[in-house]
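Colleague: Residues per chain are reported as follows:
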Amino acid sequence: MRWLIAAALLVIAVIEWPVEATDFANRLDPPSGTHLLGTDQLGRDVLARVLGGVRWTVGLGAGAVAVSVVVGVVVGLATGWLDGTRARVVATLVQSVVDLVVALPALLVGLVTAAVLGPGLVPAVTAIVLMGWAPFARLAHRLTVSVRGEDWVLAARSLGAGPVWILRVHVLPAIAGPVREALTARFVGAMLTLAGLSFLGLGVQPPTPEWGAMLAEGRTYAFVAPWLVAAPAAAVVLVSALAGRGRVR
Amino acid sequence: MTGLVLRRLALIPLVLLVASAVVFCLPRLLGGNVTRSVIRARSLASAPDPAAEARLAAELGLDRPLRDQYLAWLSGAVRGDLGRSFTTRAAVGPEVVEAAGVSATLAVLGLAVALAVAVPTGVLAADRPGGVGDRAVDRVGAMALAVPEFVVGPVLVLLVAVWAGWLPAIGWGSPAQAVLPVVTLAFFPAALAARLVRAETRVALAHPSTTTAVAKGLSRRRVLAVHVLPRSLTAVLAEAGPFLAGTLGGAVVVEVVFGIPGLGSLLADAIGSRDLPTVQAGLVVVIAVALVLTLATEVAGRALNPRLR
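Chains A and B, in that order, give the protein sequences. Per my numbering: the first sequence = residues 77 to 325. Per my numbering: the second sequence = residues 33 to 341.
So that you can see chain A by itself, here it is in the shape it has in the complex (with noise of 0.2 Å):
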C-alpha cells in the first residue's frame, strides 16, 4: 500500500501540470466542472497548482530525508563501528553533536539558515538536512553498537573481511529494518518543516506552487476563496497522514 502511494505521487511530480496557466476571465472562480478546485486570484486552476505542488512539497521533503538518512547512516555506522581509544573520542564526540542537533527545534534552524543565506529554496532544503541526519545517525550507532559482537559479526572478521565490506554487507542488512521504520516518520517532519517555511515566506518562493507557500498567498483572500486555504492544506494533511503516524519534531 505505502509503495503503491509512494509510486503514485512520484508518477503526479514527474507529469508537468500547467500550473502558470492563467484563466484571467474566471478569477478567484468557486470550484466548478471546468476548474475543480476553483481558481486563484490570477485565475490559475488550483488543482492543477496542488497537484503541481507535489514535485515541490513531497520531492522536497523526500529529497531532503534522502540525502540525511545518506550521511546520517554513514555517520552512525561509522561511530558505533570505531574501536581504540583515539577513534572513541571523536565517537563520543560526534555523537554529543548529534544530541545537541537532535534538542534543536526545526524551524529556529531554519529561520537561521535564512537568516545566513537569505529566503529561498537552497537554505531552506539545507537546513533540513542540517537537522535531519542527526537521528538517523543516533539511531545507526545504537543499532551498529548493538550487533557489533553478534556471532556473525565476527565470523566475517575472522574470514579477514575489512571494516568497509562488514558494514556493508553484513551490519548494514541487520540495521536496515528500524531505519527504514525511522523514514516515515521523518520525511513527514521534513516535509512540515520546509512547507512551514515556505509558508513564513523563508522557503520557496511563490509563484512556485508549493503547499505551504500556496496556503501563504491564499490566506489573503479567504474571506472570498476559502478553497485558496483549503486545498492546500487538506494536500498537507492528507500526504502525511498517508506517509505515517504524527511526526516528531
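Don't read these hints as lab results, they were simulated from the structure. The structure presented is a predicted model; accordingly, all values stated were derived computationally and were not measured. Errors might be hidden in some of the hints.
Partial chain A-side listing against chain B, Cβ under 7 Å, derived [to be verified]: (1) W79; (2) A82; (3) V305.
Each pair of labels, with its calculated beta carbon distance range [as the list claims (entries may be wrong)]: (4) P282(A) to L103(B): 34 to 44 Å; (5) P249(A) to G93(B): 52 to 62 Å; (6) A83(A) to V140(B): 38 to 48 Å; (7) D170(B) to S172(A): 27 to 37 Å; (8) V331(B) to V146(A): 36 to 46 Å.
Sample of chain A residues lacking proximity to chain B, with all beta carbon distances greater than 12 Å (derived) [to be verified]: (9) V223; (10) R224; (11) S234; (12) A258.
Beta carbons: idealized from backbone N, C-alpha and C, even for Gly.
Guided by the hints, dock chain B onto chain A, whose structure is given.
Modeller: Chain B alone, transformed into the frame defined by chain A:
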C-alpha cells in the same frame, strides 16, 4: 545541585558569545548582497544603482572590516544598545523586548491551555482504558500530531472567524483576539503531553505505592491526585525543553498567521528583508531564552524526581 546550576549559568554567556558571533558574521560572509535587499525592502526598487548601494553600505557600516563591525556591535550590545534597524532605522533593542513580551504571553498561555487539557485527560485516559478519554488521546491526538500549525491556524480562521464570525481573525490585545492563536498553539503540545502523561500514569498506577494508597482506603480521586499525578509529570517535565522549543517554533507560525506583533513575526519579517540588526538581536534573545529554559526545566525535573539528584 547549586554547584551544577552555577556552572551551567556561567556557561550561558559563553554560548551566547559564540552564537552571537555566528549570527553576526555568517550572514555578512555568506548572505549575498545585503544592501540590495535592504534597498528593495525600503523602496521597492528592484535594480538600484551602484552609487546608492555604496552610499547605503557606508551608512550601515557594511563597508568596514567584519571584525570591526562585530566588535562595535558587541561593545554596544553589552551596554544594552543592539543597534538600529537597517530598514526602519528604529532602535532594535526596545522593539525586540516589546515583541518578546508578546511572544512570552502567547507561549505561556498556549502551554497553560495545553497542559490544562492534557494532564487531566492523560490521567483519566490511563485510569479508564478504552474509555472516552483513552480513545480521544488515540484519535484526536494522532490527528493533532499530524497537522501542523500553518494548517490548523488558517483552517480555524476560516471556520470560526470567516464563516461563523464568532471571533476576530487577526490582531492582538483583546482576550477575544487571543483565543484562536492560543488554541492553535496549544494543539500540538496538548496532544504530545496527553500521550506522555497517559503512558506514565499507566506505570504509576501499577506501582506498589498506588496499591498501598488504595488499600489504605483513600478515595480514587485522592489516589490519582496525590499519589499518581506527581509521578505522571516527570516525562512532560523532562521533555519540557524540546516541548518549549517546539512551542517557540509553533509560535512563529501562529504569530504570522494571526498578525501578532511578537518575536516570531518580527524575525520572519526581518529575515525576509535582510534587516540584519533585528535578526541578530532577535536570534540572540531567542537562544538566550532557550538556554535559560533548558536549565530551568532540568532543575524542575530534579526537584520533582528525587532519583535524578
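Colleague: Could you run down the list of hints and mark each one as holding or not?
Modeller: For each hint, the structure was consulted:
Annotation: interface hint on W79(A) violated; nearest CB of chain B at approximately 21 Å, more than 7 Å. About 18 Å separates the beta-carbon of A82(A) from the nearest beta-carbon of chain B, more than 7 Å, and the hint is not met. A cut of 7 Å between beta carbons decides the hint on V305(A): the least distance to chain B is about 5 Å, and the hint holds. P282(A) and L103(B) have their C-beta atoms about 40 Å apart, which keeps the hinted 34 to 44 Å range intact.
In this structure, P249(A) and G93(B) meet the distance hint of 52 to 62 Å, their C-beta atoms being roughly 57 Å apart. Between A83(A) and V140(B), the C-beta spacing of about 46 Å keeps the proposed range 38 to 48 Å intact. At roughly 36 Å, the beta-carbon separation of D170(B) and S172(A) lies within the given 27 to 37 Å, and the hint holds. Under the hint 36 to 46 Å, the C-beta atoms of V331(B) and V146(A), about 39 Å apart, fit the expected range.
Non-interface status of V223(A) relative to chain B is upheld: no Cβ of that chain comes within 12 Å, the nearest being about 28 Å off. Against the 12 Å criterion, R224(A) stays outside the reach of chain B, whose nearest CB is about 29 Å from its own CB. No Cβ of chain B comes within 12 Å of the Cβ of S234(A); the nearest lies about 43 Å off, and the non-interface call holds. Every beta carbon of chain B lies more than 12 Å from that of A258(A), the smallest distance being close to 16 Å; the non-interface claim holds.
Violated hints for the displayed structure, listed by number in ascending order: 1 and 2.
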